[in-house]
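Engineer: This is what each chain is made of:
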Amino acid sequence: MAVPTWSSALKVLLRADITAQVRTPQSLVLTFALPLILLVATGLGKNSAALGGPAFRISLGLTVGLVSIGTVGYSLAIARDRDTGVFQRLRVTPAPTWTIMVSRWIVQVGAVLIMAMVVLVVAAVFLGITLPPQDYLFTVLVTLLGSAVFLSIGQAIVGLIASADTLNAAGRLLYVPLIGLSVFGNTDRLGTTVEMVSRWSPGGCLETLLSAAMGATAWSGQSWGALFASFGYSVVFAVIGIRWFRWVSH
Amino acid sequence: MTRALRITGLRVTYGPVVAVDGIDLEVREGEIYGLLGPNGAGKTSALSAIEGLLRPAAGDIVIGEIDARAHPLQAKAELGVQLQATSFHLSLTLVEIVRLYAGLYGVTLSSPQIRELLGEINLQNEASKRFRELSGGQQQRFSLLIATIHDPALVLLDEPTAGLDPQGRRQLWDRIERFRKEGRSILLTTHSMEEAQAVCDRVAIMDHGKILTVGTPAALIAAHRDDPKVRQAAHGEVTLEDVFIALTGRELRD
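Chains A and B are the protein sequences, given in the same order. Under our numbering, the first residue of the first sequence carries the number 16, and numbering increases by one thereafter. Under our numbering, the first residue of the second sequence carries the number 2, and numbering increases by one thereafter.
These are computed hints drawn from the structure, not numbers from a lab. Among the hints, erroneous ones may be present.
Stated by the list, open to error - Covered by chain B, per the in silico footprint, the following chain A stretches (three or more residues, Cβ under 8 angstroms):
| no. | segment |
| --- | --- |
| 1 | 20-29 |
| 2 | 98-109 |
| 3 | 119-130 |
To be verified - Derived lysine to any residue pairs resembling SDA-like cross-links, with alpha carbons at most 25 angstroms apart:
| no. | chain 1 | residue 1 | chain 2 | residue 2 |
| --- | --- | --- | --- | --- |
| 4 | A | K26 | B | A128 |
| 5 | A | K26 | A | T145 |
| 6 | B | K130 | B | V96 |
| 7 | A | K26 | B | L74 |
As the list claims (entries may be wrong) - Every beta carbon over 10 angstroms from chain A, so not counted as near; a handful from chain B, in silico:
| no. | residue |
| --- | --- |
| 8 | S92 |
| 9 | E97 |
| 10 | L165 |
The beta-carbon is built from N, C-alpha and C at its ideal position, and this holds for glycine as well.
Could you put the whole structure together from the sequences, leaning on the hints where they help?
Structural biologist: Here it is in structure tokens:
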């Protein structure tokens, strides 16, 4: 019997994973609802301007979307399928093992891209926050880099934590600092140490890059630093996540 | 008779623990071969090595004419596998799962063909249900359908009747019997000695990672009939279970 090509295996896996992603209500909420709620909520109230300008509102929405999809949603989905034996069933087929994981990554990156588009469109159409055309392109590119960072963090979590229950708790716990740190990168209200940690955290670096991509701040040495740090985070967490990943939870 | 599977010197370890300790095994074409043993005997580890789910520490695995360690993907294409605990994508329907696994084996099926296949296992009315919405017996039938979706020559079944009611077990054995008539070979594990005695052409009794004995159920019973341990275990006519208990002991296993 002939072995199917890797491309045909990837194609059928993608079709299944996309269907599964679309049919999971929790993933849809994480993908769209949270970023949009934050995008709108940060513009409400008298003191909303103190949080940051329009670019900050968009970047916060995108960061929340990235953490929700890449880190929390992805790691939970992988842990659940690992626990229930979905991966083991796929691994006994002649599909190359790497296609099983790459298909998941592609679906998550696709979800991130759609989330970014929706956030930017809602910001422009309903909130009147618009950007020059080239800034939209840079924003999407930075969002793609952000998806690599937060997906690799999700991969590291699912690589280091075997139990789906523990991972569920850890994912929720990580959610707060990952987003919180990205918020306080632009303010020293909690002290300079928190500001420094926040600025160089994965979320903080993303905030810096998004801010520059949207033209809110000029591209500077700090932007370059955030770019290199983001690449570094992606590589380090991906290596950890792949090196220690197990297909079974026991 | 040609062989569907040959294993020589298979050794599987988990760190310092030896799960499978250099076993040899051969499944012939058209044969139902039972791998029997108490919990922790090494049956599932041996099957996992054949399935390519874990890398053996030593030994050769040849499926048909394919060296499974050198050409794992080709070997997997020749195998039909039903795992002990099988699950599929939680949010996909049965039709979508069939399409997925057919695609992974390079088989193209139209929607009417898929519905026909589901009809063969009496699941035509459940086509749009999710796997988890099926009863235990329906799940087993569906898992077996997926395992054989590509018409494999060798089917591996890890405790296929576990958790099934008598009707479900009977249906499953009828289906397995049909596989044999179609010329497929089957390697299965089971804790039911009664079923193994009734259905398997040959069985191997395994414990502590080693194969203790191999033969037809009738030959094993005949060979061990006069063993004092077997006579002690027997209540009346000696059965395969008496031989099994005598060879593997009475103590409980985890």
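Engineer: Each of the hints needs a verdict: does it hold here or not?
Structural biologist: Hint check results:
Counting residues of the segment 20-29 of chain A whose beta carbon lies closer than 8 angstroms to any beta carbon of chain B gives 5, which reaches the threshold of three, so the coverage claim holds. With 10 residues having a Cβ less than 8 angstroms from any Cβ of chain B, the segment 98-109 of chain A passes the three-residue criterion, so the hint holds. Three residues within the 8 angstroms Cβ limit are the bar, and the segment 119-130 of chain A against chain B gives 0, so the coverage statement is violated. Only pairs whose Cα atoms come within 25 angstroms are accepted, and K26(A) paired with A128(B) is accepted, the gap being roughly 22 angstroms.
A C-alpha spacing of about 36 angstroms is found between K26(A) and T145(A), which places the hinted pair above 25 angstroms, so the restraint is violated. Annotation: proposed proximity of K130(B) to V96(B) holds, straight-line Cα distance about 9 angstroms (limit 25 angstroms). The suggested pairing of K26(A) with L74(B) holds, with an alpha-carbon distance near 17 angstroms, which does not exceed 25 angstroms. Under the 10 angstroms C-beta cut-off, the non-interface status given to S92(B) relative to chain A is violated; the minimum distance is some 4 angstroms.
A beta-carbon of chain A comes within 10 angstroms of the beta-carbon of E97(B); the shortest separation is about 6 angstroms. Its beta-carbon lying about 18 angstroms from the closest one in chain A, L165(B) satisfies the requirement of being farther than 10 angstroms from that chain.
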